[in-house]
Amino acid sequence: MTDLSAARWLFGSSLAFHILFAAVGVAMPLMMVLAEWRWRRTGAAQYLELAHRWAKGTALLFAVGAVSGTVISFELGLLWPRFMAFAGPIIGMPFSQEGFAFFAEAIFLGIYLYGWERVSPRLHLASGALVAISGALSAFFITLANAWMNHPAGFAVVLGQATGVDPVAAMFPPGWQHEVLHVLLSSYAAAGFAVAGVHAFFLRRDAGSAFHRAALAIALSVGGVAALLQPLSGDLSARQIAVTQPLKLAALEGHFVTGRGVPLHLGGLPDADAAVTRWSIDLPRGLSLLAFHDPGAEVKGLLDFPRDRWPDPLKVHLAFQAMVALGSAMAAVALIGLALAWRRRRVPTERWFLTAMAVSGPFGFLALEAGWLVTEWGRQPFTIWGVMRTADAVTPVGNLTVPLWGFGAVYVFLAAMVVTLLWRQMIPTAPAPAPGGEP
Amino acid sequence: MSAGDALGVAMVLALVAYVLFAGADFGGGIWDLLASGPRRAEQRELVERAIGPIWEANHVWLILVVVVLFTGFPVAFAAVSTTLFEPLTLLMFGIVLRGAAFTFRAYDRPEGPVRRRWGLIFSISSVVAPLLLGAVVGALASGRLRVGPDGMPAAGSGGWLTPFSVATGLFAAALFAFLAAVYLAVEASGALREDFRRRAIGAGVAVFAGALASAVLSWHQAPLVFAGLTGRAWSLPLHLATAAAAITAFAGLWRRRFRMARVAAAAQATLIVAGWAVSVYPYLVIPDVTIASAGAPPQTQRLLLGALGLGAVTLVPSLWLLFRVFKGGPARAE
Ligand code: HDD
Ligand code: HEM
Ligand code: HEM
Numbered sequence: 001m002t003d004l005s006a007a008r009w010l011f012g013s014s015l016a017f018h019i020l021f022a023a024v025g026v027a028m029p030l031m032m033v034l035a036e037w038r039w040r041r042t043g044a045a046q047y048l049e050l051a052h053r054w055a056k057g058t059a060l061l062f063a064v065g066a067v068s069g070t071v072i073s074f075e076l077g078l079l080w081p082r083f084m085a086f087a088g089p090i091i092g093m094p095f096s097q098e099g100f101a102f103f104a105e106a107i108f109l110g111i112y113l114y115g116w117e118r119v120s121p122r123l124h125l126a127s128g129a130l131v132a133i134s135g136a137l138s139a140f141f142i143t144l145a146n147a148w149m150n151h152p153a154g155f156a157v158v159l160g161q162a163t164g165v166d167p168v169a170a171m172f173p174p175g176w177q178h179e180v181l182h183v184l185l186s187s188y189a190a191a192g193f194a195v196a197g198v199h200a201f202f203l204r205r206d207a208g209s210a211f212h213r214a215a216l217a218i219a220l221s222v223g224g225v226a227a228l229l230q231p232l233s234g235d236l237s238a239r240q241i242a243v244t245q246p247l248k249l250a251a252l253e254g255h256f257v258t259g260r261g262v263p264l265h266l267g268g269l270p271d272a273d274a275a276v277t278r279w280s281i282d283l284p285r286g287l288s289l290l291a292f293h294d295p296g297a298e299v300k301g302l303l304d305f306p307r308d309r310w311p312d313p314l315k316v317h318l319a320f321q322a323m324v325a326l327g328s329a330m331a332a333v334a335l336i337g338l339a340l341a342w343r344r345r346r347v348p349t350e351r352w353f354l355t356a357m358a359v360s361g362p363f364g365f366l367a368l369e370a371g372w373l374v375t376e377w378g379r380q381p382f383t384i385w386g387v388m389r390t391a392d393a394v395t396p397v398g399n400l401t402v403p404l405w406g407f408g409a410v411y412v413f414l415a416a417m418v419v420t421l422l423w424r425q426m427i428p429t430a431p432a433p434a435p436g437g438e439p
Numbered sequence: 001m002s003a004g005d006a007l008g009v010a011m012v013l014a015l016v017a018y019v020l021f022a023g024a025d026f027g028g029g030i031w032d033l034l035a036s037g038p039r040r041a042e043q044r045e046l047v048e049r050a051i052g053p054i055w056e057a058n059h060v061w062l063i064l065v066v067v068v069l070f071t072g073f074p075v076a077f078a079a080v081s082t083t084l085f086e087p088l089t090l091l092m093f094g095i096v097l098r099g100a101a102f103t104f105r106a107y108d109r110p111e112g113p114v115r116r117r118w119g120l121i122f123s124i125s126s127v128v129a130p131l132l133l134g135a136v137v138g139a140l141a142s143g144r145l146r147v148g149p150d151g152m153p154a155a156g157s158g159g160w161l162t163p164f165s166v167a168t169g170l171f172a173a174a175l176f177a178f179l180a181a182v183y184l185a186v187e188a189s190g191a192l193r194e195d196f197r198r199r200a201i202g203a204g205v206a207v208f209a210g211a212l213a214s215a216v217l218s219w220h221q222a223p224l225v226f227a228g229l230t231g232r233a234w235s236l237p238l239h240l241a242t243a244a245a246a247i248t249a250f251a252g253l254w255r256r257r258f259r260m261a262r263v264a265a266a267a268q269a270t271l272i273v274a275g276w277a278v279s280v281y282p283y284l285v286i287p288d289v290t291i292a293s294a295g296a297p298p299q300t301q302r303l304l305l306g307a308l309g310l311g312a313v314t315l316v317p318s319l320w321l322l323f324r325v326f327k328g329g330p331a332r333a334e
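Quick mapping for you: the protein sequence lines, in order, are chains Y and Z.
Per my numbering: the first sequence ends with 439, consecutive numbering throughout.
Per my numbering: the second sequence ends with 334, consecutive numbering throughout.
Take the hints with a grain of salt, since some may be wrong.
As the list claims (entries may be wrong) - Short derived list, chain Y residues pointing at chain Z, Cβ under 8 Å:
1. Ala-63
2. Phe-74
3. Ala-106
4. Arg-118
5. Pro-167
6. Val-410
7. Leu-414
Hints were generated in silico from the structure; no laboratory data involved.
A virtual CB, placed ideally from N, CA and C, is assigned to each residue, including glycine.
The following block holds chain Y by itself, in its conformation from the complex:
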């Protein structure tokens, strides 16, 4: 394995790992605060129980998110020092803002978790709300950095050096709104579906449990609404990249030949050498319609761009198809669930619905990973689109396979432990030790 591919694997797996916890860190505090708020409004004990349990889960996941995020901040330099030396001054601003969001998140989570008996009820609820807000803010800021890599702005390159650096313009590159919206929604959809899926699973065994009903109600509201909005936001993203990153759009659609009124490939395997997408179901004019909302619009194909700038259309197309398929399924489940809840005026407990909910529980996180692969693979071979190639960003330090295996082992170990410990938290009869080893 070359050092470049080791660096890519290490960085990619670190982010793929971190993003799971990050999404939870964005969405879970919201659900936990909603549960506490319901308890304070209604006095119903199951909401208090829920707030406690969700807070414990959040604490566990947050800690892993914090340490894995720290690894990434260092890896930016350890693996891509040339990228950082170039990009640091341009996109450092969102990172520094993110730092303060982390502070707020960690501080108020500390107060929330350990302060049940120490602070007033209002301050407690407010702390939870601040955790939720600062979690969303940290995702907001970091996504701005990613939006800049996709569409660099706020500087000019003269003789390989950045000049005329304008960090404010760099912070808000064209299309940032769409990416930020899509990423935030994806966090709520993914975490909401995962939580709803778990509680639906337990409700199938015990449909009367007030605890699981309360949990499903909140998780389905958060995850369901986000999952319904997600395809709309995805449409905005797709139309955005049709204009600003046409090469990426061509790759993720497996679209090779420029034309008007071009079809949409559903499924299929792009073959870069033969420049065709095989075995797909084609919807006539579909791509023109989706990308520009005009059935006759011209869509640029991969062949319009030099080959050495192509990402691998096979990987990107498959990841994109996976995201869209999962997202469509989630939207369907969300629609049914919310419609049932609306008609019955209570959380739906039909067995078939609970089954569908439990099965689609992991879909959000799968779609989230697939979506990030679309974005990151779709930007290749560039790390800063059009400006710096990934191969030129990598560190000259050798032997990168050693940390790759080391971190790989640590991530697998952490993931296994997190799953075990969460599982134990979720079974309501199991004794749940208090944080901090209190008696």
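Please arrange chain Z with the ligands on chain Y, whose structure you already have, making use of the hints.
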């Protein structure tokens, strides 16, 4: 003062905060490893209770240092990341395992063997991380790390592991353990408090030994630092102030004036970091990278300063609240 210097000051302030707060959290882990005597279990419980609500917030100071470094001094970030690849990667393992094991211990089954296993990972990584941090700081000052103008390692760059960097590593670990023991003595009561009082005094002696060893070794192995520590106008007053803080901390411990000892120990640690910072100034990586040579464009540096100021406005009251809620009250009886 240039924007670069001001950012340097901001970075030192963040580092001081990291040492005072997160350093003590690592120190707590060291005392978990070294827990002994009849109250071994109580010692560990106190450590766990003391750092539980705050360690994640304290940890963010390190992130802030990193972010300011790569935004404000990108070439220095590249230089540090490439020349110190090994210790920094190992440090990451330490930081990940420390935080994860600490949290897992609180949420795993409460049986003894399970807790002990997590406790071992937590405490060993709490020892390893400060050693590496101190060694990294020492290596940066040693003058052995050579880089080109782009921050990439240059021919003839030496290794990071030297007697001097070992000494600075031990120094950092001793300092963190000292801070933790002093803080814990404030929070404990009765016999437990005496345990940490004795530990604080022992660690204070170790801090002194670490400082002495680092200073002596710097004579040969980090001459620029040695010159900074000895030859400048402010050298003597600074050393006197540090010594006064150290003596006050000792006196406080001796006479069981624990709150006074806490203030003095924090002042001592602050002066140590500040003294180190002014003695390496204006270098970030001796001898090739300075605040000026590594600097980002001035508009970035100014904006970053503004952002840090703005952030501090929200951060300081929040931190104050956190520490008031969890550290404000008088020590509660066990
Ligand atoms: C719960 C997760 C989830 C779901 C259900 C969807 N997405 Fe997505 N998608 C993401 C999670 C995600 C993401 C992980 O959050 C990405 C990666 C970067 C980004 O902006 O969002 C992403 C990227 C992304 C991009 C690339 C943007 C870029 O590179 O700038 C497009 C075009 C879409 N999505 C489109 C869609 C469409 C049409 C969906 C219809 C169902 C959809 N996504 C569902
Ligand atoms: C889109 C991708 C990302 C999102 C949405 C995201 C979001 C978050 C969130 C919400 C947290 C809070 C902790 C948690 O909830 O577990 C967090 C932690 C963290 N993230 Fe990320 N992150 C992303 C990528 C990155 C990247 C690229 C970096 C590298 C600079 C990074 C660095 C960190 C750090 C250092 C922490 C720890 C903060 C602490 O100690 O509290 N993250 N991230
Ligand atoms: C906002 C957050 C993110 C930032 C700032 C970011 C930044 C980067 C950088 C600097 C690289 C290395 C250079 C390159 O290959 O272009 C990279 C590569 C990569 N990232 Fe991200 N990333 C982010 C989010 C994510 C997430 C959440 C994933 C999760 C799947 C991910 C997956 C990858 C992969 C797989 C690569 C390697 C790409 C390849 O070599 O094919 N990234 N990213």
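Cross-check of the supplied hints:
1. The interface hint given for Ala-63/Y is met, as the beta carbon of that residue sits about 4 Å from the closest beta carbon of chain Z, less than 8 Å.
2. At about 6 Å, the closest approach between the beta carbon of Phe-74/Y and any beta carbon in chain Z falls short of 8 Å, and the interface hint on this residue holds.
3. Checking Ala-106/Y against chain Z: minimum C-beta separation of about 4 Å stays under 8 Å; hint holds.
4. A distance limit of 8 Å between C-beta atoms decides the matter here; for Arg-118/Y the minimum to chain Z is near 5 Å, and the interface restraint holds.
5. Given hint, Pro-167/Y at the interface with chain Z, holds; its Cβ is 5 Å from that chain's nearest Cβ, closer than 8 Å.
6. Taking 8 Å as the C-beta cut-off, the interface hint given for Val-410/Y holds, the closest approach to chain Z being about 6 Å.
7. For Leu-414/Y, the interface hint holds, the least distance from its beta-carbon to any beta-carbon of chain Z being 6 Å, beneath 8 Å.
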